[in-house]
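Asker: This is what each chain is made of:
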Amino acid sequence: MWMSDLPPFIPFYIAALLVLVTRGWTRNIVLLATPILGGLHLWFGVQPYVPMVATDALVSAKELSFQLTMLGYQLEFMRVDKLSLLFGYLFHIASIIAIIYALHVRDTTQHVAALLYAGSALGAVFAGDLITLFIFWEGLALSSVFLIWARRSERAIRAGIRYLILQVMSGVLLLAGALIHFHQTGSLAFDFIGIESTAGWLILLAFGIKAAFPFLHTWLTDAYPESTPTGTVFLSAFTTKVAVYALARGFPGTELLVYIGAAMTCFPIFYAVIENDLRRVLAYSMINQVGFMVCGIGIGTALALNGAVAHAFNDVIFKGLLFMTMGAVLYRVGNINGSDLGGLYKTMPKTAILCIVGASSISAVPLFSGFVSKSMVMSAMLIEGYDYLWLMLLFASAGVFHHAGIKIPYFAFFHHDSGIRTQEAPNNMLVAMTIAAILCIFIGTQPQYLYALLPWHVEYWPYDITHVLAQLQLLFFSALAFVWLNKKGLYPPELRSVNIEVEWLYRKLLPAMGQTSVNRLQRLNQQIAAYTLTIWQSVKLAFQSSRVSQYHLASSWPTGSMVLWIGVILGGYLLMDVYF
Amino acid sequence: MSNIQKDEKTYLFDNPRNVSRLLLGFYVICGVLFLADFVAHRHTTHPWEGITGFYAFYGFVACVVLVLIAKEMRKVFMRKEDYYDVDE
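Taken in sequence, the protein lines are chains A and B.
Residues 1 to 580 (our numbering) are what the first sequence spells out, left to right.
Residues 1001 to 1088 (our numbering) are what the second sequence spells out, left to right.
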């Protein structure tokens, strides 16, 4: 009954069309059935071709190929191995959760964009060649921007445009890299690329924009918090994780990535501590989490790569959960600024508990999902001898607990009573959040099921006294620091503010420079005009004082007589043309 | 959404005693975790990890340093909420 070679993006694209023409319950059924049936198809109907072995290079596998010829070139839509399958399962789970969460939304734009977006993400991870990857890469950008614009506020529209420019730029770099790669190697297959060639650098830069490398990350912290409460949940699941997949496929073991990843884990946490918009705090913490994955990919051993993709898997679920709880607060209260919230546990107790589960998972508390994947990357880091970078990652681990694990639930649900009395999140949101929370705890307590899905074969078990004790000490003493700083009054209060960072360059400096240039040009224009006028007047004066000006044709004539004379001349030409 | 009513029931953390109980429990756990270093036999991969109280100390110092640096960053980077919305 299953078509084993049906690429998983096709049901999503078809569903997007169906959603356009359906309403109400029919539409909800289409929305829910797509990821559920698609996921079942992937789970039961599709098997990886080559079992992965514990080597650093990926074994390319293409038995189940659904191909299409475009301009004489074969596009490969269905490359199935354990790596693409893992992300395939993940994106189906994320779609199910996010769609349930958004079920109450009555906005065709958002539903269609979400399905196209999820479909593009699936298309990208099963793409077997760089051109197919490019098509879905741009599909991701073009569909997701509508989830930002769907907020329909001035800020969201502007943020969406900035987002789109950077995302499309990433696509252009990918295409340029792919074409140079083809020129050099004669192949467009999407396997290990490396940074030995120009093409490799271009492609790495393209992936780097989507993975939110430092200085290329601004689209994420700029646009994600401006999306709708439900839109951000979709956004958080796909774009960066497709980039992580692409990096794991194209650049495993590239040492540069270890340093980039370590930087990614550290710099956002400082901003996260002083940021007021709690969804922007989560956006910063997302860069931090992707940093751990990028580190793992850079190390490139089987343990590290497994840790990276397992962490991507868990991150989609717990970061989604956190974005969902903050979305529920935004939906009910209409505000997500830490400075205006507090005491919401009184009226939203279920959301508060679910938020704490998400916060525990992202902080890698033992028995929650983050622990079982992050510890793999940390262990690999030590084994490979990156001592000082390991200290950075440990610092970031304490930091993520501080801003995402404590700050998010504390300022939203506890802290001082803001006086806001609202009601619990809608049922569909609660169901979606509960599914995510159960998955967090399930993966955290039964990691063997996730480990069995990981692409590289390696024996690892996170639960021993050394790991658990170390992690608990790190977390509890980080929390102790929070308590101590609060008691001493040293903790920075939440303030209504923005903090300038890299985006300042193009949101303030560049426009200001543009304005200065425009002003200079205007002044120059005025000077030239004044100069021309003086010349013209001196010529006129010279003419009037000369004897030629006495001649009667030199005196000024009305426009009417000029037109008359032109008419006479043209008439003369016509007659000459006719008679001669 | 409505503002606080006067005859509202008191919630869990409205009672300061509950807050201090929670904190007491928390301090006890911190103490136990610290002491566990002396009891538990750990298999460390790196010499730093073997230092007694390494993780506890590092976690505490990391967070204090993080927050204090972030506070200083505010002096340089913080702007009004509508900073990007208005032209100066």
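Worth flagging that the hints you see were computed from the coordinates, not collected in a lab.
One or more hints might be untrue.
Below, computed lysine-lysine pairings styled on DSBU-like, alpha-carbon distance capped at 35 angstroms [said to hold, decoys possible]:
(1) K1009(B) <-> K350(A)
(2) K1071(B) <-> K350(A)
(3) K540(A) <-> K1080(B)
(4) K488(A) <-> K350(A)
(5) K1009(B) <-> K540(A)
(6) K1080(B) <-> K508(A)
(7) K508(A) <-> K1075(B)
(8) K1075(B) <-> K487(A)
(9) K488(A) <-> K1080(B)
(10) K488(A) <-> K1009(B)
(11) K508(A) <-> K350(A)
(12) K540(A) <-> K1075(B)
(13) K1009(B) <-> K508(A)
(14) K487(A) <-> K1009(B)
(15) K1071(B) <-> K540(A)
Asker: Holds or violated: K488(A) and K1009(B), Cα atoms, limit 35 angstroms.
Answerer: With a Cα-Cα distance of about 30 angstroms, the restraint between K488(A) and K1009(B) holds, given a limit of 35 angstroms.
Asker: Check the hint pairing K1080(B) with K508(A) against an upper bound of 35 angstroms on the C-alpha distance.
Answerer: 14 angstroms, holds
Asker: Checking one constraint from the list: CA of K1009(B) to CA of K508(A), max 35 angstroms. Satisfied?
Answerer: 49 angstroms, violated
Asker: Taking 35 angstroms as the top limit, are the C-alpha atoms of K1009(B) and K350(A) close enough?
Answerer: Given that 35 angstroms is the threshold and the Cα spacing comes to 18 angstroms, the pair holds.
Asker: Within 35 angstroms, alpha carbon to alpha carbon, are K1071(B) and K350(A)?
Answerer: The given pair, whose Cα atoms are some 33 angstroms apart, holds under the 35 angstroms limit.
Asker: Given the hint that K487(A) pairs with K1009(B), test it: the Cα-Cα distance must not exceed 35 angstroms.
Answerer: Status holds; Cα separation ~27 angstroms.
Asker: Please work out if K488(A) and K1080(B) have their alpha carbons no farther apart than 35 angstroms.
Answerer: Holds. K488(A) to K1080(B) sits at ~27 angstroms (cutoff 35 angstroms).
Asker: Does K540(A) lie within 35 angstroms of K1009(B) when you go C-alpha to C-alpha?
Answerer: Violated - the C-alpha atoms of K540(A) and K1009(B) are around 92 angstroms apart, more than 35 angstroms.
Asker: Are the Cα positions of K488(A) and K350(A) separated by 35 angstroms at most?
Answerer: Holds: K488(A) and K350(A) sit about 31 angstroms apart, inside 35 angstroms.
Asker: Is the straight-line distance between the alpha-carbon of K1071(B) and that of K540(A) 35 angstroms or less?
Answerer: At roughly 69 angstroms apart (the allowed maximum being 35 angstroms), K540(A) and K1071(B) break the hint.
Asker: Would the hint linking K508(A) and K1075(B) be met if the CA-CA limit is 35 angstroms?
Answerer: Judged against 35 angstroms, a Cα distance of about 18 angstroms means the pair holds.
Asker: Does K508(A) pair with K350(A) here, judged by a C-alpha cut-off of 35 angstroms?
Answerer: 42 angstroms, violated
This entry does not satisfy hints 3, 5, 11, 12, 13 and 15, going by the numbered hints stated previously.
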